[in-house]
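Chemist: Here is what each chain is made of, one letter per residue.
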Amino acid sequence: MKRHLISAADLSRDDALLILDTADELAKISDRSIKKLPTLRGRTVVNLFFEDSTRTRISFEAAAKRLSADVINFSAKGSSVSKGESLKDTALTLEAMGADAVVIRHSASGAPHRLAGWVRGSVVNAGDGTHEHPTQALLDAFTMRRRLGPLDGRRVTIVGDVLHSRVARSNVLLLSTLGAEVTLVAPPTLLPVNVGSWPCEVSYDLDAMLPKSDVVMMLRVQRERMNAAFFPTEREYSRRYGLDRDRVARMHDDAIVMHPGPMNRGMEIAAEVADSPRSTIVEQVANGVTTRMAVLYLLLGGADLGGEIRQ
Amino acid sequence: MADAVSHAQDARAVLEGPDINRALIRISHEILERTKGAEDIVLLGIPTRGVHLARRLAGHIGRFEGRPVPVGSLDITMYRDDLRLRPARALGRTELPADGIDGKVVVLVDDVLFSGRTVRSALDALNDLGRPQAVQLAALVDRGHRELPIRADYVGKNLPTSKSEIVKVYLEENDGRDAVLLLKGEER
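If you read the protein sequences in the order shown, they are chains A and B. When the letters of the first sequence are read in order and numbered with the working numbering, they come out as residues 288 to 598. When the letters of the second sequence are read in order and numbered with the working numbering, they come out as residues 41 to 228.
Mixed in with the good hints, there may be bad ones.
Claimed, not checked - Incomplete in silico selection of chain B near chain A, CB under 7 Å: (1) Asp121; (2) Arg124; (3) Leu125; (4) Arg126; (5) Ala128.
To be verified - So the derived label-pair ranges between C-beta atoms look like this: (6) A:Asp357 to B:Gly216: 44 to 50 Å; (7) A:Leu435 to B:Gly140: 25 to 31 Å; (8) A:Ser396 to B:Asp139: 24 to 30 Å.
No lab work stands behind these hints: they were computed from the structure. From the three backbone atoms N, C-alpha and C, an ideal C-beta is built for every residue, glycine too.
With these hints in hand, go ahead and build the complete structure from the sequences.
Modeler: Next comes the structure, spelled out in structure tokens:
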């Protein structure tokens, strides 16, 4: 495994499986009365969040704390960034404080990649612009594997705003590495131009995909990024691409429904679907902590030998 | 691992085939004797080979007493004191019996007792998992050179070694045969 986790494409199949297997073992920690391991004692993890986030930041914080690392939370609001400090100067400050890992979320695609050139610690991408969100993809894969078993040959349908979704891109990359067959379903306006080069299929017809899917992953319609007329009305979007009870009825019995959150209930997913036993939405949050523990352990737990991981 | 052996001319077999099971049967009797019938014991093997040894011990004790003995595994990777000396390791499996370890006599089982650091890590790990009534230690081979105040309650074989020598344990479940080999240091 590399020293940083910036893109899901950084992970080989062996790396990804190592992370998922490690997470499987760490999942047992959350059932114990003492939910803490001494492994990262004395290491510092900085959560550097330039964009709003609740679950990802809390999830990383919980993961680092369960491994006994010291956590410093940094959000752009209320910091020197609002006085105009650049990313590089912020990075140099963190470097001077001796951060062993920096978890970064930024609205600019590529910010974690830049940061990795400025700090000695490991950089973990917690979402950069419309680019990638690799730990989300890992926790999704972990959730699928727990429900369905190995992912080879499993059919995953990802529905919605693929254009703005870092979750979709990371998932496509990781799931294809793990041997799953991914199909993206979206209105043509919400697909990236170069989607033909992604390792997945594309469809515009959700109803045709439902019966053959083992996993249906709904993406949030990102209202904050809907600055052009991507679809006529929310109602029309919801009717063609929203997951309601009738559509769920067409899925096979063991198929699961996923959503990375936060949800727009009634828009891309109906409330009763989100709360149904097929839905893994709450599990995904719990699995997020476990998966991020695995990532932090594998990046920081061993010797600093250029991030090499040996079995 | 198989390679290392085939190259090693100086490998001396210390225990072979049936010797290992004879030692385990003796240890099983000792556990029964010391714990007065092994009423409340839980055998916890330390991965990888400790787990196989713990299962064998549980099998023997179960047969002598005519009832199943709880057995599990205890991975100590996250508690090691030398994590920073090597790249991050893959985790082993921790599986506790359904009744847990609170109030039980836990017998830790490992293949080779050397510096004692693994056992220290195991004690730390146990501390986070519950509060046993007592903790005992069984090792197939005690090769000396302790770096911590730790000793085994049950030993299959005391094996005086030099620090440069290597003790290798092979078990049927893992390696296809039962043997304990002593390799000269140069083979490293």
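Chemist: Going through the earlier hints one by one, which of them does the structure break, listed in rising order?
Modeler: 1, 8
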